[in-house]
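Chains A and B, in that order, give the protein sequences. Numbered according to the working numbering, the first sequence spans residues 1 to 167. Numbered according to the working numbering, the second sequence spans residues 1 to 415.
It should be emphasised that the hints constitute simulated quantities derived from the structure, not laboratory data. A quick note: this is a predicted structure, and the numbers were derived from the prediction, not measured. The C-beta atom is built at its ideal place from N, Cα and C for all residues, glycine as well. It is possible that some hints are incorrect.
Stated by the list, open to error - One-sided excerpt, in silico: chain B residues whose CB lies under 8 Å from chain A:
#, residue
1, I65
2, G66
3, I75
4, K109
5, L111
6, R208
7, E211
8, K212
9, N258
10, E347
11, V348
12, G360
13, Y362
14, I364
Stated by the list, open to error - So these bits of chain B aren't anywhere near chain A, every CB distance computed over 12 Å:
#, residue
15, Y67
16, P116
17, H350
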Amino acid sequence: MTNEEVAKDLIRQFGEDVYDFDDPYGMLTLSTKREQIIPMLRYLKDHSLYQISFLTTLCGIHYPDDPNPEREYCIVYQLHSLVNNFRLRIKVFLSEADLHIPTATTVYLSANWMERETYDFFGVIFDGHPKLTRILNMEDMDYFPMRKQYPLEDPTREDKIDALFGR
Amino acid sequence: MSTVLDISNKGVPGTDLPAKSEENVQYVNELTTLNLGPTHPATHGIFQNILQMDGEKIVSGEQTIGYIHRAFEKIAERRPFYQITTLTDRMNYCSSPINNFGWHMTVEKLLGITVPKRAEYIRVIMMELARIADHLICNGILGVDTGAFTGFLYLFEERENIYEIYEEVCGARLTTNMGRIGGMERDLSAEAIRKIRAFIKRFPPIMREFEKLFNRNRIFMDRVVDVGGITGERALNYGFTGPNLRAAGVDYDVRVMNPYSSYQDFEFDIPVGKSGDTYDRFMVRNGEIWESLRIIEQAIENLPEGPYFADAPEYYLPPKKEVYRNMEALIYHFKIVMGEIDAPVGEVYHSVEGGNGELGFYLISDGGRAPYRLHFRRPSFIYYQAYPEMCVGTTLSDAIVIMSSLNVIAGELDS
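This is chain B alone, in the form it adopts within the complex (with noise of 0.2 Å):
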């Protein structure tokens, strides 16, 4: 509650105080320090933001992170590549088959190993689905930061159903270690493949409500169009990828632009916005939810046959019926688990478009069963930089807003 300053010198109405000074009157120009975290409902996450305000207007901001540091990377020197995946399932936690997936192939390029075209399909449907729950977490959650809750709850439903599908495809739900160093752990049973076909199906008259709700919405639109904006040229040098430096114009996407897992089989469009605001990202983001959706519609509709994993002994583990039965399989075996399989010395750079934009594994090997060194190029980690220069001379909650679009998960800002 604020009270009404009597500036004039008449003293204070129906009291006997004295007349306000000038100094008393003074503090209305201080500036008030906000903490917007590090447990806020609406930061999503742990990470705080110490805010400057000057009555309703944001002056100056700066974020504190590493809350929740897990030193994966220091973790990573000591661990066998194929358990590197309970590291990166924790990076973004929205999108955990793009993570894997993404390190899966980081070590597939330094052995030299080709996935078959049917893995490499079925991680094209996995990663798409996991885009889509991930965009479908930040677009409902905007809503819900705006004030509107349906939204929210209709897309949950659906993003429910992309969890059943990892249920079906490899038992977990939220830490999905489904893929293996050179393809997938199992095949697309018959269950798990008329899940996806009923999500397709299911999805759209969805997601077009979803779209009919906020799209044109007034009162949404009063919230966010000209939010948070940020042109091309600046967000690059923030170090912006993914959907939130394609909404300021910049048709950068790695899928296109550096290919992996056979993406340039697929026929689709990268959505990309104008003014960098956070009606474009919102924006962008519902088209890329479109995208991917067309991206498995042809990745189901062409899945070819064949082997789910490639011939890589040294590195994946053999059925176990074989092992009990076969002296090379239980020799391979043993070597897996014990780790005595060595990687070529090397240097490797491999990313993925990740839910959140570029999503790099820097992998330096020294010939041992560990990484050397391993880097990763956390998207949020970098763009959430620019935080602060885009909620200056915007009000709280158009701060919140903003950083509810730029999707930032704590998990992948501190790794």
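Just chain A, same shape as in the assembly (with noise of 0.2 Å):
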């Protein structure tokens, strides 16, 4: 069980809806479409050679300087098949206007708490969740921290500056 092997296969069975197939330090990276996410994750985990089906992180990332708009926020899943010891890594590019996603936690349980944390940190809205409420910051917060634009230090202070301390 190869890479190459799971890529072609996915490629077989999702055509078009997969794509940028990379592997940074040996695990399979490859992207789809948010509508293809939840059969794909199932097609994994049902997969009778495979059975990737660990679901070990699902976390949002966001990239406000990318110039395709499409591609502002990012969920990763990272899969296991234990019985494989195969790692495989989707990722599903969304839009700050469109910021919907089905749900994992009709494949994994797992997903719930890790869909609202992503929920809680970047404002992603998980289609079908069973509670998507914030988990970690207090409920009347009213912005997404984990996004870019809210600096971590105060910006009016000025004896920090970006420039000699950190970013």
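Join the two chains, each given in its own frame, into one complex according to the hints.
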């Protein structure tokens, strides 16, 4: 079971909807469309040979500087096949205007809190989630703190200039 | 105190009060809302469980977490790589060396640094000591929660000895920043090696005594056997890893499946349970303590000679003496401290076997001095979701034992 095998199988199964294949540090990475993410997770989970049936992480990334507004937000699913010791990373890119993605709780129970955390941090709406509320931050927070436009330091401070300290 | 309800229609005995009507008695069937936490002696950390009780039985539960959320992932986006250990320290603070070395290994993977064998062996020793300390706390406190204080007291003395070893190696006890990107901050001193050897000698009889106190103890077994069981399939679906998953019969251990830091050099077994109940979790942790001890013994006996840090001058601070005498060392020192070193662009996932399971670091670097995005896979955050399901149908005292045996660490839960 190699990266190429799985990649070819996914292309055979999902055709045009899988793209951007890469293997940074040996881990197969690919992107898909949001319509295909749940069928893909299910396909990999039910595959009799691969059995990629463990959701290791689910997290969001914000790319505000990406020239393509369709790729501003990224949801990353990292899966693991405990039988074959094979890891796989699936990315779904979303735009700020349409931050919706189907929930993965229908496939993995563990996705519940991971999706709540991603909602809490980035404001991504997971459609069909049983209880999509903030989990780590307080309920009445009115912004999504992990987005890049919210600086960590108070921007009015002059004693901490980015060029000297940090980014 | 509960009063006996007289539901016969004869009026309240001994008084002139009227007879109780049907409406009056209905409240007996109402559910009671019970707050377990945020500050409760049995949660061992700050998180809340809102339980719905029908008499003694738990009908449903819901967790509220985030009381000590410190936004580590956000803070990490502004910190140079070497300053992030102060965050990982404080995740699972019962076994902070594992978190720290896990982070260092992630960065080394990104940079392509090969760490010398000696440093890897020292790391293994420290990580296994941390695992022992972590499991000692969990199992000791499980004893306290079932009403037995003695075991806890015995074990804490040994935990103290482990912390003294940390102190000898790095000076700190809880937030041990003993590693660096590229190796260790300093070599193991003769005194540290002596202390580790003394620990290996001293600890087994005490651990055996603890096991004698608990393993076949009738009272303890009555409290934990068949309490909070979970099937392996269900546990995997909930994202369990570590001892809690292995207690359910799935033999997934990162140390064996994806060996890091020379774990492939050591001979050790993976204790696996069967029913996934509290007793199995307890026994798996006890078994792991013995296996960790075996690993430490092998590592200290076969400790290779050689350097304790990699040749990575752009990341590993040069010795202070060199900084004053040697121009290159001064330049590298300045560049590291001022953060003028560019990391390669890339994304890397690395995981280690933490005290509670697969502790993962997903690092995305855009070439700057700090991560573009850093996501921590915290095992307790993921498996704590299953807690209500494991509690439903049990009593409050069982719920406390289940929580204790899951070893939920608030720092790791909230990060």
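Each hint tested on the structure:
1. With a cut of 8 Å, the hint placing I65 (chain B) at the interface with chain A holds, because the nearest CB-to-CB distance is about 7 Å.
2. Of the supplied interface hints, the one on G66 (chain B) holds, with its beta-carbon coming within about 4 Å of a beta-carbon of chain A, less than 8 Å.
3. A least Cβ separation of about 6 Å between I75 (chain B) and chain A falls short of the 8 Å threshold, and the interface hint therefore holds.
4. For the restraint placing K109 (chain B) at the interface with chain A, the shortest Cβ-Cβ distance is roughly 6 Å, inside the 8 Å limit, so the hint holds.
5. For L111 (chain B), the interface hint is violated, the least distance from its beta-carbon to any beta-carbon of chain A being 11 Å, above 8 Å.
6. A distance limit of 8 Å between C-beta atoms decides the matter here; for R208 (chain B) the minimum to chain A is near 33 Å, and the interface restraint is violated.
7. The restraint placing E211 (chain B) at the interface with chain A is violated, with a minimum CB-CB distance near 30 Å, outside the 8 Å limit.
8. Hint status for K212 (chain B) relative to chain A: violated, with the closest Cβ pair at about 35 Å, above 8 Å.
9. Nearest Cβ of chain A to the Cβ of N258 (chain B): about 7 Å, under the 8 Å cut. The hint holds.
10. Interface hint status for E347 (chain B): upheld, as the beta-carbon distance to the closest one in chain A is roughly 5 Å, under 8 Å.
11. About 5 Å separates the beta-carbon of V348 (chain B) from the nearest beta-carbon of chain A, less than 8 Å, and the hint is met.
12. Interface restraint check: G360 (chain B) against chain A, minimum CB-CB distance 6 Å, threshold 8 Å, status holds.
13. Taken as an interface hint, Y362 (chain B) checks out: its beta carbon lies about 6 Å from the nearest beta carbon of chain A, inside 8 Å.
14. Of the supplied interface hints, the one on I364 (chain B) holds, with its beta-carbon coming within about 7 Å of a beta-carbon of chain A, less than 8 Å.
15. For Y67 (chain B), the requirement that its beta carbon stay farther than 12 Å from each beta carbon of chain A is not met, with the minimum near 9 Å.
16. Taking the minimum C-beta to C-beta distance to chain A, about 21 Å, the non-interface status of P116 (chain B) holds against the 12 Å cut.
17. With a least beta-carbon separation of about 8 Å from chain A, H350 (chain B) fails to lie farther than 12 Å from that chain, contradicting its non-interface assignment.
The structure shown violates the earlier hints numbered 5, 6, 7, 8, 15 and 17.
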